[in-house]
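Trainee: Could you put together the complete structure from these sequences and hints?
Number of protein chains: 2
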Amino acid sequence: MHNPLRIAVAGLGTVGSSVVRIIQNEKLSLFDKAGSDLVVSAVSARDKNRDRGVDLANIDWHDDAKNLIQDNIDILVEVIGGADGVAYDIVKAALGKGISVVTANKALLAVHGSELAQLAEQNNAHLKYEAAVAGAIPAIKAVREGLAANQITSIYGILNGTCNYILTQMRETGGSFNEILKEAQDKGYAEADPSFDIDGVDTAHKTALLAAAAFNMAPDFNHIPTRGIRHVTSTDICYAEDLGYKIKLLGVVRKTDLGIEQSVEPCLVDLNTPLAAIDGSLNAVYTESPFAHETLMVGRGAGGDPTASAVVADIIDIARGVHISPFGVPSEKWNDTPMADMDERMVASYIRLIVEDSPGVLADISGILRDENISIQSALQLSEITKGIVPLILITHTVKTKALKGALAKIEKLRSVKEQPFTMRIIEQE
Amino acid sequence: MHNPLRIAVAGLGTVGSSVVRIIQNEKLSLFDKAGSDLVVSAVSARDKNRDRGVDLANIDWHDDAKNLIQDNIDILVEVIGGADGVAYDIVKAALGKGISVVTANKALLAVHGSELAQLAEQNNAHLKYEAAVAGAIPAIKAVREGLAANQITSIYGILNGTCNYILTQMRETGGSFNEILKEAQDKGYAEADPSFDIDGVDTAHKTALLAAAAFNMAPDFNHIPTRGIRHVTSTDICYAEDLGYKIKLLGVVRKTDLGIEQSVEPCLVDLNTPLAAIDGSLNAVYTESPFAHETLMVGRGAGGDPTASAVVADIIDIARGVHISPFGVPSEKWNDTPMADMDERMVASYIRLIVEDSPGVLADISGILRDENISIQSALQLSEITKGIVPLILITHTVKTKALKGALAKIEKLRSVKEQPFTMRIIEQE
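Chain order of the listed sequences is S and E.
If you use this note's numbering, the first sequence closes out at 430, no skipped numbers anywhere.
If you use this note's numbering, the second sequence closes out at 430, no skipped numbers anywhere.
Among these hints, one or two may not hold up.
If several chains are the same, the list does not tell them apart, and a pair holds so long as it fits within one copy or across any two.
Straight-line distance between alpha carbons at most 20 Å, and here's what the computed EDC-like set of lysine to aspartate or glutamate pairs gives [said to hold, decoys possible]:
hint, residue 1, residue 2
1, 255, 26
2, 333, 26
3, 255, 60
Think of the hints as simulated: they come from the structure by calculation, not from any bench.
Mentor: In structure tokens, the structure reads:
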């Protein structure tokens, strides 16, 4: 390992700037831990003149990130973002030259992780991504190393702070999704284009990486059925609570008899479980495994310093000579357990129907459910939302997803049903 | 690294047996992760004939653990326990020969960690102890590696499952300490001689190790002022709750202007904070640091499988070539920040006095407190416990420990004060 360890930082947004600042300000402490001097030798960003509160004197500046990939760097820190484009190009170029990569880019690895991990392996380079999942929480390290004695059986993650913040605020203020989203945007807690967050894409990227690190397999973002929180209403939040649940957007990965189940969806979580207590913009990762049993990790999932904390930890690991395959085992050993057919998955569900308040409606719906062998644990008809129109909340027992889908397709066609049914998975206590 | 990696297990109690079982039953999965075959080649315990539910055929048996330390082993797993005696002897002998050691023995490392870490360093051997703190929770890895970018500022740990269970049961049932301890002993949740647990010694051992790993220093068990939960009454639990707190036995480590503060004591934790929610026999480690900010880790702190999960993770780390100094930096770099003078420490306190129910008592006490400049946030006189005798609960603002001690020494001498005052620290929200 070269000493000093020469680090190039691609992207000087809040995370990149914070990485540079930590490496500069914590020089002595990092040297003691890393065993080498850490030096930011080059950076790239669009605008050289912007004040980022970091000292860029003595650091090579490149307008084009591609020019960072030279023989005089040991580690590329990629914090540009995006699954493709420059980020993909430079990470590939770096690994191809045997330059180690530390990235906070979940989209990149969720989509191209398999190719990039193999490229790293061929070139004996590190590819590290602690910062890509759950920010400051060392969740990748925990599932890949700390729990390595276990074949982990399930992971439940609250992985998007924006969604958790919105759901928490909706619950605490009674505000609608759109009102709270607007507020969050005004406060800078949500992006101007929030769709990656609220539609669950960001959570799915992170879920794919957590699954890969925990189950020792290639990330498989494209096979994660993903639904976000856009259609969660304050009615849902209110009635979930009456029934003893909080609504959380969860990335879920489980190993069952069907194979590996991965999903991102709003879920009802028992109020008495630890995950239900994780409010605001906090992230959390809950695991179940045969020997360690349950573990929970909680912390800041986003922000410059928390994310940079994870980036710098990865750099120290590299300096310390910690060389572990990105997904825990060499690519030839990747777990090839098939993905579960999600239609076969057994889940309990919360169903919200918007129906005419007329006799016979419940009978029609119950009949369809009975024909599909779906048993209902409880049904709750709420008060009118507009004249003659009421929400009807149904809680099913655990049933096969396919059966529920079939029933809902039929229910949706009933004349008395006024909106597309909205469902949420209920997380059963183990 | 020898392949297969030959492991000797000293001690076949629940943890040792579970280590052997996991290594045998998870052979293929562990091989993929570790990159070498893991083989238990020798074991030692007292009674060869006891049925431990593990297959000991083809494993060398030794009645005397000392005979395990031979050139044909790569890793010694020490799960005998105890700060001195056989455990100390064999760990020292192994490290002296360059044999790596994985231990769950907090007492050993809390007392002899400095010497043993240096011995490991001189002989280029690993000394790993994840299992010694918070069982299955990868807390040592988190503070030493996952948060390595940070100079951690504080750690609050619920590190003893027996104490947490007793305090939880006292709160939930209203039972007395002695009743609940007896119940816990009957159920096997507490030892026949519970003093190591309930007097805080076990927590202090773990606190010393967490502090060492997080603050990169030699463990300093002998300078941790330690009080346990033996004197916590159901009155305390009840009034703490009325005041908005739960009582937890906490190992606390903080870096302040005074130096490094370490302590083990029953504390009042705000009901709305995450640590307050950790009930039953669960363990938890909460950290504060400049970049990651707050993190919380929760899980099983004891038991055969959870502890063995951590032991086996350490073995996999060794097989993967992860060689990090036991306390994060080489011994020559150990943090030499002085320990704080705990008498100078600023804390808010809960004080329980048992006093005569007569006019003037409060005036006497208040006068003493005023003379020491201790300001009282609230005072609560409870109803009679026996004729004419009442508990008086005082909550102080943040004051210097020395002043409080001085005042309490005077208060104790008042004729109207019938028992030694009992105090608990109040953990202020950051």
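Trainee: Taking the hints in turn, state whether each one holds.
Mentor: Verification of the supplied hints:
no. : hint     : in the structure
1   : 255 x 26 : between (42 Å within a copy, 16 Å between copies)
2   : 333 x 26 : between (38 Å within a copy, 15 Å between copies)
3   : 255 x 60 : neither (47 Å within a copy, 36 Å between copies)
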